[in-house]
Amino acid sequence: MTRHPGPLGPAQGDPDEAFALAAPWERPGEEAAAAVYAVDEAGRILMQLRDDLPGLAGAGRWSPFGGGVEPGETLREAAVREFLEETGLHLAPRGLVPWARAISGRASRMRLYTYLARLPAPAEAIRLGEGAGFALWTPRQMRAIPLTQALAEASLALAGRIEAGTLPPLD
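Note that our numbering has the sequence shown beginning at 1, numbered continuously upward.
Don't take each hint at face value.
Between beta-carbon pairs, the in silico distance windows are [claimed, not checked]:
| hint | residue 1 | residue 2 | range |
| --- | --- | --- | --- |
| 1 | A164 | G55 | 35 to 45 angstroms |
| 2 | P120 | P24 | 27 to 37 angstroms |
| 3 | P120 | R27 | 31 to 41 angstroms |
| 4 | G29 | P54 | 14 to 24 angstroms |
Hint data in this document are derived by calculation from the structure and do not stem from the laboratory. All of these numbers come straight from a predicted model, not from anything done at the bench. Using N, Cα and C, we set each Cβ at its ideal position, and we do this for glycine too.
Given these sequences and hints, build the entire structure.
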């Protein structure tokens, strides 16, 4: 994964180039999704355990919180909305740092965009709105859990950056 030193792109509607490639970017589809890797002060990464349902992308695996971009919505707006819907926690759009992009394994080849953010509250404040569960994982633990295939490289690269102490500044 190509690493970038910190926040890139404008505050509204980040261009593709603001996100490092986490996988080959071939024949991306029209649909897009935005997700957030929220990191706490101890360097743990908040992840969602996807429901284990037939036909669900990443079923039974760990993934950052996020979902589809609605018509007229920017990537940042979608990331903030989805994070709120799925955790009950508010994020400031300006606090999102573009991280990585990938293409889903679905037939639609959905474009997946991920951001980094500081976890805005303790885990006890999270109110799970979607998924089978959530956890805060250390970078070492991230290497041992089943990650969604499309974002596995981005997830592990984040764990490596935390361990190396080279995480971009998060507000």
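Checked hints:
1. Remark: the range hint 35 to 45 angstroms for A164 to G55 is upheld by a beta-carbon distance near 38 angstroms.
2. For the pair P120 and P24, the supplied restraint of 27 to 37 angstroms holds, since their beta-carbon distance comes to about 33 angstroms.
3. Against the hinted window of 31 to 41 angstroms, the Cβ-Cβ separation of P120 and R27 comes to about 36 angstroms, which satisfies the hint.
4. Against the hinted window of 14 to 24 angstroms, the Cβ-Cβ separation of G29 and P54 comes to about 22 angstroms, which satisfies the hint.
The structure shown violates none of the earlier numbered hints.
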